[in-house]
Structures are given as structure tokens and as C-alpha cells.
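There are 2 protein chains.
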Amino acid sequence: MINTLFLPELREMLSEGNLEELREFCTALHPARAAEFMEGLDNDESWQVIQHATPNARAEIFQYFEIDRQHELLASQDEVEVASLVTNLPADDVVDLFQELDTSRVDQILALVPAPDRRDIRRLQTFAEGTAGALMTTEAACLAENLTVRQALEQLSKQAERLETIYYIYVIDSTNHLRGIVKARSLVSAIGRPETKLVDLMQTDVVTVNVQDDQEAVAEKVAFYNLSAIPVVDDQRHLVGIITHDDIIDVMRQEATEDVQRISAMEPLSDSYMRTSFLTLSWKRGMWLTILFFTGLLTALALQYYNQELEKFEWLIWFLPLIISSGGNSGSQSATLIISGLAAKDLDRNDAMVILRREALTGLLLGSFLGTIGYIASMMLGQTYFTGLVIPITILSVVTVGTSLGSMLPLILQKLGLDPALMSNPLIAGISDILGIVIYLNVAVLILG
Amino acid sequence: MINTLFLPELREMLSEGNLEELREFCTALHPARAAEFMEGLDNDESWQVIQHATPNARAEIFQYFEIDRQHELLASQDEVEVASLVTNLPADDVVDLFQELDTSRVDQILALVPAPDRRDIRRLQTFAEGTAGALMTTEAACLAENLTVRQALEQLSKQAERLETIYYIYVIDSTNHLRGIVKARSLVSAIGRPETKLVDLMQTDVVTVNVQDDQEAVAEKVAFYNLSAIPVVDDQRHLVGIITHDDIIDVMRQEATEDVQRISAMEPLSDSYMRTSFLTLSWKRGMWLTILFFTGLLTALALQYYNQELEKFEWLIWFLPLIISSGGNSGSQSATLIISGLAAKDLDRNDAMVILRREALTGLLLGSFLGTIGYIASMMLGQTYFTGLVIPITILSVVTVGTSLGSMLPLILQKLGLDPALMSNPLIAGISDILGIVIYLNVAVLILG
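Note that the protein sequences, when read in sequence, are chains A and B. Going by the working numbering, the first residue of the first sequence is number 1, and it counts up by one from there. Going by the working numbering, the first residue of the second sequence is number 1, and it counts up by one from there.
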């Protein structure tokens with residue numbers, strides 16, 4: 001939905017060259033709202049509008065443009081203006097944007113960017129996607145350890161406008177080793193004691209991540225320690241950047257979506273649905289559908305094996321899909337509970353016995369209930385009190401096997417170093433289908449003779 | 001896994017009453033690590049240790065204790081000490097902790113808490129769980145609009161130690177209406193111009209949430225606007241609190257887990273797996289299993305209806321589970337993709353036609369591939385080139401129907417105001433099972449005569 005409220009005014013300001021009002025529009029509104037009001041403008045118009053903002057405000061508004069518009073603007077607008085914008089964007093965001101541009105265009109822009117910023121961008125480009133290095137920004141508030149509170153505030157005052165956050169101030173020695181952190185609120189609290197040294201205010205036991213760490217591990221650390229930003233260090237504990245809470249929130253969203261896709265037996269997409277090509281999508285789904293299909297073929301073999309029994313008691317077939325799906329559904333519920341428990345670190349492998357007992361009991365309870373409904377249904381479809389017993393006994397067994405198996409498989413897969421989210425549901429579907437058929441027909445032979 | 005590294009030393013410090021070293025332990029380490037090293041101590045011992053920390057450090061370490069230990073300590077330790085701790089904890093966390101305590105104990109503790117803190121806690125207790133009010137803390141950095149930068153820093157310096165964050169400074173008028181915000185970094189940048197008024201630094205277009213807003217909507221707003229904290233206002237735009245990024249991260253984790261549970265056809269748990277009672281767990285799972293079971297019973301009726309055909313061509317039964325699960329699996333993949341796209345706001349109902357075309361095409365492609373494998377399998381199980389054709393034709397149809405239906409159902413459910421995550425998979429399983437049987441047997445009759 002495009003917000004057209006301000007469009008006529010914006011176009012009029014542009015055509016009249018009303019600099020005063022354009023500047024007012026860019027600064028008075030929240031940058032996100034300014035970007036929203038510009039959605040109806042074309043790329044050239046919106047670029048013209050933000051040229052009237054201060055460099056900082058321009059960068060902020062730009063970051064709230066739709067991602068496709070951001071790429072198009074970088075690709076098409078005047079290089080000098082683009083380079084000036086790039087200088088004011090967080091370096092980590094620039095690296096992400098550059099991935100979609102031609103290398104020649106990137107080189108052209110970077111040539112116009114001041115050397116220190118260019119170096120930052122070039123360095124960040126070397127880190128592999130999904131690592132702490134690729135998430136971090138280099139604009140951290142860094143101060144030398146021998147400064148006093150008064151000196152620190154003065155230096156900070158000069159740095160502050162170009163920093164993303166001053167929530168934490170990073171205290172470094174002369175060779176850029178991270179020595180400690182000072183919270184902005186501790187520094188501000190100490191204003192009354194201006195000669196206090198930073199070294200006396202700082203916490204030295206700092207939670208850090210290595211530049212090579214996986215982004216999921218980074219997000220977990222930030223969530224566990226309730227941090228607003230986390231410092232990134234290299235193997236020699238040099239401070240190389242910080243990762244801020246907004247990037248962590250993005251990682252958590254991305255990981256949550258990936259988990260949901262894995263649980264539904266699909267390779268996680270690396271982009272949104274609409275931006276993923278038809279063939280990539282088909283491949284990521286087809287892979288697992290094919291694996292599931294082959295386990296499904298085993299059910300065909302199993303049923304062929306029991307052909308004689310099925311011929312003799314035809315009514316057994318009517319309940320076959322019901323029985324198979326009861327086992328699969330209860331098993332995938334159990335697997336999901338354990339997978340999310342493992343992901344949230346509420347559970348670990350030491351809980352295996354408690355989990356198994358709980359899940360087996362749950363299976364017995366749910367199986368008895370569903371079995372009773374099934375028993376009634378079998379009699380409504382013409383079975384006697386005795387022959388109908390095949391159904392509840394089978395359902396009770398299948399559901400209990402389903403919950404027990406569903407809860408244990410993620411733990412076993414994790415122990416084997418495999419991803420429980422990705423493998424559990426296909427495996428459970430396959431195994432519980434086969435077991436369902438085997439249990440069903442053996443119970444039938446036992447009771448019906 | 002309990003970290004026993006420091007246990008002997010800690011116990012020795014306690015028995016010797018070595019105040020100096022205990023204080024050192026509580027302040028030098030990161031509070032989370034101090035809490036971790038205390039895991040092996042019993043409740044009384046760990047309480048004694050943290051009595052040697054400063055009030056602030058004590059509160060921080062306490063917040064990293066296991067949640068059960070936090071409850072036990074509040075319930076069992078000396079009221080005066082507990083009340084002093086409570087005064088230093090964020091009010092929103094206190095409210096959460098109090099929910100697990102007897103009301104009489106809560107009253108006893110609150111009687112010893114200073115009146116302003118007590119009022120804050122009492123007020124927060126009135127907000128329903130899952131609303132912005134229940135998430136917020138009242139300790140925001142608030143300053144009057146007519147202050148200068150110098151005055152603001154002085155006042156902030158007095159407030160800072162008891163605040164959770166000074167990332168944003170909230171500018172209010174004399175009746176507590178929110179007038180604007182100043183970022184800490186803007187304030188620090190202006191140190192060189194100490195007579196500047198706050199009113200000239202502040203942004204007036206502030207993103208806020210209402211105290212009654214749902215926590216999921218709050219988390220989305222924070223993520224969209226990349227905020228570190230969001231102010232909470234009442235209907236008259238009085239500032240009543242702020243919600244900080246750590247609470248937002250907790251909400252996002254909780255919502256992600258709930259989505260996964262919904263997608264696996266389960267009522268979301270309100271607590272972790274281990275802390276949820278056996279009966280609650282069985283009820284939340286049993287409800288949906290029963291609904292799925294009743295849709296499964298429809299397959300029994302459908303199969304009974306086609307009894308004659310099944311008697312005539314017995315081999316059809318062998319492929320029945322395979323065909324049903326192919327439709328269900330491909331359908332639930334599509335549904336999951338659309339549900340996560342809707343949740344991430346990448347998709348909306350206006351994309352319905354594009355989605356349907358894509359999904360139908362994906363279904364045709366995947367269906368042809370799986371159908372070919374099925375065709376080969378049918379011949380290996382004794383069918384001719386001609387009779388075996390039943391299998392690929394059915395699979396192609398079932399998979400295409402599955403993907404189309406799976407992608408459209410979440411959109412339809414959302415339009416009807418229902419939760420797509422909760423309803424889609426059970427409905428798809430039910431519908432695709434029945435449709436699978438109907439398509440299969442009609443194709444069979446058509447080909448086999």
C-alpha cells in the first residue's frame with residue numbers, strides 16, 4: 001500500500017525548487033516515515049528529495065527505502081552523490097548493497113569514497129556471509145585507556161555523530177587491543193568526577209565474539225547476555241568492529257524462518273519467497289520431497305508383502321491412511337517440541353530419559369483416546385466388538401511409538417552431529433509409515449487369525 | 001553442566017568471611033559469569049555471596065541466576081535483603097518474578113520497598129500479559145524540554161546509574177507528555193555547545209507504542225524501525241515507560257517458538273517443555289490430534305465408498321500411502337513458505353495470483369519428476385506400460401493440487417481473520433488426504449476401466 005498523502009506537495013516542492021520546505025520534510029519527520037511518504041515518487045524524484053537532507057539524515061532515510069530501490073539508486077545516480085551517501089552509511093550495510101552491483105560500478109563509487117572508509121568497506125567485503133565479520137560495523141566508539149572522564153567526553157563528542165551507537169564505549173590500548181568497556185551511563189554518571197580515569201570505570205571481563213564466529217552463535221550470545229551491542233575481536237584480541245542489536249534482530253528473524261522451513265522438510269531459502277527463483281525454489285523443495293518419496297516407496301513394498309492378509313480382510317484398508325497419519329502427526333509434534341527445546345537451550349541430551357518417559361506416557365494417553373474414537377468408528381463401519389479391536393490396539397501402539405521415536409530422533413541426530421531440525425520430520429514420516437503398516441497388519445493377524 | 005572451577009575458593013571465602021575477595025569476585029567478573037560460577041552453590045550460599053556486591057552488581061548477578069533459583073531466593077531469604085534487591089531490579093522483571101510467589105509474601109516484600117518503586121511495581125502488575133505494559137520498564141531517562149545541554153548532562157549524571165539504558169533521552173513537558181527524543185550520541189556531540197536547549201536537539205516525530213498494544217506488534221515495530229528501545233505512552237500520550245531491546249529479543253524468540261509449534265499442529269506452550277505439566281501438554285497436543293483424527297476418519301469413509309474398485313485392482317492399495325503423503329508433503333511445504341512470507345511481511349494478499357501461478361508451476365514440475373519415479377516403481381511391482389500410468393497421472397495431479405491448495409489456504413485463512421500458522425497444516429493434511437483418494441480412484445477407473 002503506497003502512502004500518497006504527501007505526493008502532490010512533494011512534487012510541487014521539487015518543481016518549484018522549494019529548498020526550505022524540502023529540507024523541513026527531510027528533517028522534521030522520522031526517517032522511516034519520510035521514506036514511506038516517498039514510495040510513490042520515482043527513483044530520480046526520491047533521490048532529488050533526499051539531496052536536501054543533511055548527510056546523516058539522507059543516509060537514514062535511504063536505509064528505509066525498499067531494498068530494490070536502494071540497489072537501483074546506487075546503480076543509476078551520479079557517482080559523486082552516491083559516494084557521499086555511501087560514506088555516511090554503516091559499512092556493513094554498504095557491503096550488503098554492493099553485492100548486488102556490478103564490480104565496475106562498485107570500483108567507480110569506491111574510488112570517490114575517502115580512503116579510511118574505502119579501506120573499511122574493502123576489509124568487510126573479505127568476510128564470508130553468515131560470520132560475525134560480515135555482520136559487524138567498524139564504527140565503534142573507541143577511546144584510549146589513559147584518558148580521564150573529561151577527555152573521554154570531549155573525544156566522544158567529536159566522534160559521536162558518525163557512530164551508530166555510544167551505548168558502550170570500547171577502551172583500547174595503543175595497539176588496538178580491547179582492554180575493557182565503559183557503559184555510556186557510567187561515563188555520564190562520572191561527569192561530577194571529571195578527572196577519574198577510564199581505566200577505573202571500565203569492566204574488564206568483556207563478552208566478545210571472534211570475527212569468524214557463526215552469526216547464529218553471535219545472536220545466542222547477545223540474547224543470553226542481554227547486550228545492546230557486542231564487540232568483535234580477531235585472534236589476537238584486536239577490536240575490529242561491533243555488532244549492533246538491529247543486526248542481531250535480523251539474524252534471529254532469518255534463523256527462525258530457516259528453522260520453520262527445515263521443520264517442513266525444505267532446504268532454507270537464502271532470500272525471500274518472491275526474490276527466490278523458480279528453479280532454486282523447486283530444487284530446495286524437490287530434494288526433500290524426493291527423499292520422502294523414496295521412503296514412501298518402502299510402504300508400497302510393505303503393503304505388497306502383506307497382500308494376502310489385505311485380500312482376506314479388505315476393510316483393513318479403509319483405516320490405513322488414518323493409522324499412518326496418527327503415528328506421523330503425533331511423532332512430528334514430539335519432534336517439534338524437542339527441536340524447539342534444544343534450540344532454546346531448555347533441553348539437552350542429559351534429559352533424554354525424562355523426555356522419553358514423558359513422551360511415552362503422552363503417547364499412551366493420546367493413543368487411548370484416539371483409539372477409543374477409532375474403535376467406535378470401526379463398529380459403525382460394520383465390525384464386531386471383537387474384530388474392531390484391531391483398530392484401537394493398533395492406534396495405541398502407533399501413537400506411542402510415534403511420540404517416543406519423535407522425541408528421541410532429534411536427540412540422536414544432534415549427538416551424531418546432524419541438524420535435528422532438518423532431518424527429524426522426514427525420518428519420522430518415513431519410519432512411522434512403515435512401522436504403522438507392520439504393526440497394523442501384525443495386530444490384525446493376531447486378532448483375526 | 002555446572003561449572004565447578006571456583007566452587008572450593010568460593011566456599012572458603014564464605015567460611016573465612018573473606019569480604020575483600022568476595023567483593024572482588026562479584027565486581028571483577030561479568031555478572032553472567034559470576035552467576036555461572038555460583039551454580040554449584042546452594043541457594044543460601046549464593047545469596048550470601050551476592051550480599052558482598054554493590055546493590056547494582058547484586059541485581060545484575062541475580063538476573064543471571066536460573067529462573068527457579070530466583071523464585072526460591074525471593075521466597076526464602078530475609079525480607080529486608082530481598083526488598084533491597086527488588087528495588088534495584090527492573091520493575092518489569094520484578095512483576096514477572098512476583099507472579100510465582102504467594103500474594104502474602106509479595107505484600108510482605110513490597111511493604112519494605114520505597115514508595116515510588118512500590119507504586120511502579122503495583123502499576124505494572126495491572127497490565128495483561130502479552131501487552132506492551134507488561135513488557136515495559138518505568139526507568140526511562142526523562143528530562144524536561146526547557147533544559148540546556150549542560151543541565152541535561154548534570155541531571156542525567158544523577159539518574160544514570162539506576163537506569164537500564166540512556167541510549168535515548170525522553171523529553172517531556174511538565175505534565176509528562178512525551179514531546180520528543182534526543183539520542184545520547186546527539187547530546188554528547190553537543191557538549192561543546194552547552195547552552196543549546198534540548199528542545200533544539202530533539203526529534204519530535206517519535207515512534208511509540210500504546211501501553212495496550214500486543215507484544216508481537218511491538219516487536220515488529222522495533223525491528224522495522226531498528227530501535228534500541230521504544231517509548232510506551234497511554235491514550236493521552238503520557239510517557240509511562242520504555243521497552244528495551246533485550247525484552248524485544250525475548251518476545252521474538254517466544255513468538256518464533258510458538259510459530260513452529262503452530263505449524264506442527266499444536267497449541268503453543270506458554271512455558272518451556274520441562275516446565276509445562278504433563279496434562280497441559282497432552283491437552284494442547286490432543287486437541288489438534290483429535291481434529292486431525294476426525295479428518296482422517298473421512299478417508300476411511302472415502303475408501304469404503306471405493307471398495308468395489310479396490311477389490312478389483314488390489315495393487316492400487318500398495319501405492320495409497322505414497323500418493324497421500326506426496327500431496328500432503330508438497331502442500332505443507334507451500335503453506336510453510338507462504339506463512340513465513342506473511343509473517344515476515346514479504347508477501348500479502350495482493351500477491352495471491354502470482355503465488356498461485358508459481359506454486360501450480362512448481363507442483364507440475366515436482367509432480368512430473370516424482371510421477372516418473374512412481375511410474376518406474378509401478379512397473380517394478382508388476383504393472384504394464386499402460387496400467388502403470390495410473391500412478392504418474394495421479395501423482396502429478398495430487399502434487400499440483402497440494403501446492404496450489406497449500407499456498408492459497410494461508411491467504412484465505414488470513415482474510416477470514418484466522419491464524420494461518422495454526423490452521424493451515426491440519427486443514428491441508430485433511431483436504432489433501434481426501435482429494436488424494438478421490439483423484440487416485442477416479443484416474444484408476446478411467447484408465448483401467
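Certain hints may be false.
Listed next, the in silico DSS-like pairs over lysine-lysine satisfying Cα-Cα at most 30 Å (straight line) [stated by the list, open to error]: (1) B:Lys312 - A:Lys312; (2) B:Lys284 - A:Lys415; (3) B:Lys197 - B:Lys284; (4) B:Lys415 - B:Lys221; (5) B:Lys312 - B:Lys345; (6) A:Lys183 - A:Lys158; (7) B:Lys158 - A:Lys197; (8) A:Lys197 - A:Lys158; (9) B:Lys415 - A:Lys158; (10) A:Lys183 - B:Lys345; (11) A:Lys221 - A:Lys312; (12) A:Lys312 - A:Lys345; (13) A:Lys221 - B:Lys345; (14) A:Lys183 - B:Lys183; (15) A:Lys221 - A:Lys415; (16) A:Lys158 - B:Lys197; (17) A:Lys221 - B:Lys415; (18) A:Lys197 - A:Lys284.
The following label-pair restraints were derived from C-beta to C-beta distances [as the list claims (entries may be wrong)]: (19) A:Gln155 - B:Ala217: 36 to 42 Å; (20) A:Thr276 - B:Phe294: 35 to 41 Å; (21) A:Asp271 - B:Ala217: 46 to 52 Å; (22) A:Asp346 - B:Val438: 40 to 46 Å.
Since the hints were made in silico from the structure, they are not lab data. Bear in mind the structure is a predicted one, so any value in this text is a computation, not a measurement. Note that the Cβ used here is the ideal one computed from N, Cα and C, for glycine as well.
Now for the hints, and whether the structure bears them out:
A threshold of 30 Å between alpha carbons decides the hint, and for Lys312 of chain B with Lys312 of chain A the separation of about 13 Å falls inside it, so the pair holds. For the given pair, Lys284 of chain B sits about 29 Å from Lys415 of chain A by alpha-carbon distance, which is consistent with the 30 Å threshold. For the proposed pair Lys197 of chain B and Lys284 of chain B, the alpha carbon gap of about 57 Å is over 30 Å, so the pair is violated. With a C-alpha separation of about 22 Å, the suggested pairing of Lys415 of chain B with Lys221 of chain B holds against the 30 Å cut-off.
Straight-line distance between C-alpha atoms of Lys312 of chain B and Lys345 of chain B comes to about 51 Å, which puts the hinted pair past the 30 Å bound. Restraint check for Lys183 of chain A and Lys158 of chain A: satisfied, since their Cα atoms lie roughly 18 Å apart, inside the 30 Å limit. For the hint linking Lys158 of chain B to Lys197 of chain A, the alpha-carbon distance of about 19 Å falls within 30 Å, and the restraint holds. For the hint linking Lys197 of chain A to Lys158 of chain A, the alpha-carbon distance of about 19 Å falls within 30 Å, and the restraint holds.
Annotation: proposed proximity of Lys415 of chain B to Lys158 of chain A is violated, straight-line Cα distance about 52 Å (limit 30 Å). At roughly 35 Å between alpha-carbon atoms, Lys183 of chain A and Lys345 of chain B are farther apart than 30 Å, so this suggested pair is violated. Under the criterion of a C-alpha separation no larger than 30 Å, the hint pairing Lys221 of chain A with Lys312 of chain A is inconsistent with the structure, at around 61 Å. Using a Cα cut-off of 30 Å, the hinted pair Lys312 of chain A and Lys345 of chain A is violated, with the two alpha carbons roughly 51 Å apart.
Between Lys221 of chain A and Lys345 of chain B, the direct Cα distance comes to roughly 27 Å. Compliance with the 30 Å bound is thereby established for this hinted pair. Between the alpha carbons of Lys183 of chain A and Lys183 of chain B the distance comes to roughly 15 Å, so the proposed pair stays at or under 30 Å and holds. Note on Lys221 of chain A and Lys415 of chain A: the hinted pairing holds, with a Cα-Cα distance of about 22 Å set against a maximum of 30 Å. Our distance criterion of 30 Å between C-alpha atoms is met by Lys158 of chain A and Lys197 of chain B, whose separation comes to about 19 Å.
A threshold of 30 Å between alpha carbons decides the hint, and for Lys221 of chain A with Lys415 of chain B the separation of about 38 Å lies outside it, so the pair is violated. For the suggested pair Lys197 of chain A and Lys284 of chain A, the alpha carbons sit about 57 Å apart, so the restraint of at most 30 Å is broken. Taking 36 to 42 Å as the suggested C-beta distance range, the pair Gln155 of chain A and Ala217 of chain B conforms, at roughly 40 Å. Between Thr276 of chain A and Phe294 of chain B, the C-beta spacing of about 36 Å keeps the proposed range 35 to 41 Å intact.
In this structure the hint that Asp271 of chain A and Ala217 of chain B lie 46 to 52 Å apart at CB is violated, the actual value being about 25 Å. Remark: the range hint 40 to 46 Å for Asp346 of chain A to Val438 of chain B is upheld by a beta-carbon distance near 43 Å.
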